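J.: Listed below, chain by chain, are the residues.
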Amino acid sequence: MSVLPEFRVLAPRSVAAAIAAGRQRATRFVAGGTDLMANLRHGIGAPATLIDLRGIRALRGIVVGPRGLSLGAAVTLAELAGHARVAKDYPALAQAAAAVGGPAHREAGTVGGNLCLDTRCVFYNRGDWWREANGHCLKYQGDTCHVAPTGRRCHAAFSGDLAPALLVHGAEVEIAGPDGQRRMPLGELYAEDGAAHLRLATGEFLVRVLLPPAPWPAAYAKARARGAIDFPLAGVAVALRVGAHGVAGLRVALTGTNARPFLLAGTEALLGARVDAGWCAELGKLVQKQVSPMRTTLLAAQYRRRAASALVERLAVTLADATAASARDGHEMVRQAK
Amino acid sequence: MQPDRHAPPSSLSRARTRAFRLNGRAHAALVADHVLLLDYLREGLGLTGTKRGCDGGECGACTVLIDGRPRLACLTRAGECAGHQVETIEGLADGGRMSPLQRAFHERLGTQCGYCTPGMIMAAEGLLRRNPDPDEAAIRAALAGNICRCTGYVKIIEAVQSAAGSAR
Ligand SMILES: Cc1cc2nc3c(=O)[nH]c(=O)nc-3n(C[C@H](O)[C@H](O)[C@H](O)COP(=O)(O)OP(=O)(O)OC[C@H]3O[C@@H](n4cnc5c(N)ncnc54)[C@H](O)[C@@H]3O)c2cc1C
Ligand code: SF4
Ligand code: FES
Ligand code: FES
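Protein sequences, first through last, are from chains A and B.
Start counting the first sequence at 1; every next residue gets the next number (the numbering used here).
Start counting the second sequence at 1; every next residue gets the next number (the numbering used here).
No lab work stands behind these hints, which were simulated from the structure alone.
Note that the structure is a prediction, hence the values are computed from the model and not measured.
Please note that a few of the clues may not be correct.
[To be verified] If you anchor each label on the Cβ, the simulated ranges turn out as follows:
(1) B/24 x A/225: 36 to 42 angstroms
(2) A/184 x B/141: 34 to 40 angstroms
(3) B/28 x A/82: 29 to 35 angstroms
(4) A/180 x B/135: 39 to 45 angstroms
(5) B/24 x A/248: 56 to 62 angstroms
(6) A/225 x B/150: 18 to 24 angstroms
(7) A/180 x B/98: 56 to 62 angstroms
(8) B/150 x A/130: 24 to 30 angstroms
[What the hints assert, rightly or not] A few chain A residues that face chain B, going by a derived Cβ cut-off under 8 angstroms, partial list only:
(9) 1
(10) 3
(11) 4
(12) 5
(13) 8
(14) 9
(15) 12
(16) 34
(17) 37
(18) 38
(19) 41
(20) 43
(21) 107
(22) 108
(23) 146
(24) 225
Every residue, glycine too, gets a C-beta built ideally from N, C-alpha and C.
Just chain A, with the same shape it has in the complex:
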């Protein structure tokens, strides 16, 4: 009756039990299953055991307080998108969660699954008969990359929406595994290799995501082929702080363009200036230099490169305008109070 390969499912109730379960042979963690089930259906992977992490209390719940935001890895995207405090204090995060797939994906899909999403490519996200007819590829069961046949690396794109919105706020992840618990900056979870983009040892899983308090104003936007629901062709988050002397803080993070989501380097050079056309052009250039979209989507790589820089520029202007407007409102209120 099943179209899936045979596996059994364990549902540990504690982090310790999940670690113990993860010591077995050929296990895979699962949460909402919206990525993993589709891949298994396509004959990608054949785990003997799935470990469903959603029953573990330590992975649940959203806490916003003086110490920042703590987000359980098993929190669903619908919970995150609908959380009033998150929408108010971390709007980029709520926007990114709301931009994932369709309503049913967000009901099932989780924060941990989104951050550990498999990378995507037109030659990979296919049925097994299709991939077999095409001789498979480097990422799975084959030895050539159809995107860059002379290379030895997979360029499948990381396409999760949440990562950039978390990166611009300086997120850290708490990881549990056979060697205990560790905590590291979210950016260090990823490597620029489409076939091995997660730096997690066997048996390690995400427990929580932690964001520091007092977030800068930030926003998230994505370009996609199908407006109603789709993975980002390019997804960008921008956090921008503008002070009396121009831009006082700028962080930009991207998804959908590389094998990993990443923070744009070199934004310091843009501090201390006004957000004007020249500034935007410089920012756009910086983005175009660091993204490396390959032909892993149906749309041209060059389109994704330009979409990424255009979205970043647009968000920066929107955020700068919003800061200016709220400063004006502030003056107005002070004037009226006098």
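Starting from the known structure of chain A, fit chain B with the ligands onto it as the hints suggest.
T.: Structure of chain B with the ligands alone, referenced to chain A:
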């Protein structure tokens, strides 16, 4: 429930019984861990109203409600439903009388070939329970994951509006 006749013996040996509510009734499913809810409903129970479209989470034809929220049966394992409420299109009609949404889809021509219709109606049903008076944007957002290749969507949205209006 009838044990599944087509399952290989190894699956049967791993089948476990899980209790959940299906269309308002207590249900005991004898099902292996790797069986999807879609396959269990259609092949195990003969509830073929829930459609298999893309079989990969992309079309919404398999939308059911779990605890009142939309979920894709092609990405959900039957075993995950233990302890929850599952509702399919078969649960909407009451004693042979169509539900207000079903009637509206029929009367407003919200259905043509009908393949997307059960998924559309379940997604819309989930919306109307949370928000009995949705505006057009809310209807579009709730149906964003459901593809229809026939109607062009306009009649579908009108059908949902009409069902919401008649409930008012
Ligand atoms: C049609 C369609 C459209 C989609 N559109 C989007 C989109 O626009 N944007 C987007 O970002 N995603 C999209 N998705 C992908 C997916 O729905 C979401 O990314 C979702 O958040 C994945 O979460 P999950 O809990 O369902 O992951 P699962 O499928 O359960 O897991 C995904 C991967 O993460 C691993 N994993 C899960 N939890 C943990 C953990 N705590 N620690 C370590 N590893 C873990 C699993 O082993 C697996 O490899 C789409 C999917 C479909 C089918
Ligand atoms: S980029 Fe190359 S190796 Fe990676 S999935 Fe695509 S075809 Fe395969
Ligand atoms: S069959 Fe489930 S979404 Fe298409
Ligand atoms: S009525 Fe035919 S697909 Fe919608």
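J.: Run every hint past the structure and note whether it holds.
T.: Now the hints, each set against the structure:
Remark: the range hint 36 to 42 angstroms for residue 24 of chain B to residue 225 of chain A is upheld by a beta-carbon distance near 40 angstroms. Range check, residue 184 of chain A to residue 141 of chain B: Cβ separation about 36 angstroms, and the 34 to 40 angstroms hint holds. The hint said 29 to 35 angstroms for the Cβ distance between residue 28 of chain B and residue 82 of chain A, and at roughly 33 angstroms that hint holds. For the pair residue 180 of chain A and residue 135 of chain B, the beta carbons lie near 51 angstroms from each other, so the given range of 39 to 45 angstroms is not met.
Separation of residue 24 of chain B from residue 248 of chain A is about 58 angstroms and conforms to the stated range, judged on CB atoms against 56 to 62 angstroms. In this structure the hint that residue 225 of chain A and residue 150 of chain B lie 18 to 24 angstroms apart at CB holds, the actual value being about 22 angstroms. Restraint check, residue 180 of chain A to residue 98 of chain B: a C-beta distance of roughly 58 angstroms satisfies the suggested window 56 to 62 angstroms. Between residue 150 of chain B and residue 130 of chain A the Cβ separation comes to about 26 angstroms, which falls inside the hinted range of 24 to 30 angstroms.
Interface hint at residue 1 of chain A: satisfied, since its Cβ lies 5 angstroms from the closest Cβ of chain B, which is below the 8 angstroms cut-off. Proximity of residue 3 of chain A to chain B holds as hinted, the smallest CB-CB distance being about 6 angstroms (cut-off 8 angstroms). For residue 4 of chain A, the suggested interface contact is upheld, since its CB lies about 5 angstroms from the closest CB of chain B, less than 8 angstroms. At its closest, the beta carbon of residue 5 of chain A sits 7 angstroms from a beta carbon of chain B; the interface hint therefore holds under the 8 angstroms criterion.
Because the beta carbon of residue 8 of chain A sits about 5 angstroms from the nearest beta carbon in chain B, less than 8 angstroms, this interface hint is met. Interface restraint check: residue 9 of chain A against chain B, minimum CB-CB distance 4 angstroms, threshold 8 angstroms, status holds. At a threshold of 8 angstroms, the smallest CB-CB gap from residue 12 of chain A to chain B is about 14 angstroms, leaving the interface hint violated. For residue 34 of chain A, the interface hint holds, since its Cβ comes within 8 angstroms of a Cβ in chain B; the closest pair sits about 5 angstroms apart.
With 8 angstroms as the threshold, the beta carbon of residue 37 of chain A comes within range of chain B, its nearest partner Cβ sitting at about 4 angstroms, so the hint holds. Restraint check, residue 38 of chain A versus chain B: the minimum CB separation of about 5 angstroms is within 8 angstroms; hint holds. For residue 41 of chain A, the shortest C-beta to C-beta distance to chain B is roughly 6 angstroms, which falls under 8 angstroms, so the interface hint holds. About 12 angstroms separates the beta-carbon of residue 43 of chain A from the nearest beta-carbon of chain B, more than 8 angstroms, and the hint is not met.
Because the beta carbon of residue 107 of chain A sits about 5 angstroms from the nearest beta carbon in chain B, less than 8 angstroms, this interface hint is met. With 8 angstroms as the threshold, the beta carbon of residue 108 of chain A comes within range of chain B, its nearest partner Cβ sitting at about 6 angstroms, so the hint holds. Hint status for residue 146 of chain A relative to chain B: violated, with the closest Cβ pair at about 20 angstroms, above 8 angstroms. Among the interface hints, the one on residue 225 of chain A is violated; its C-beta lies about 12 angstroms from the nearest C-beta in chain B, farther than the 8 angstroms criterion.
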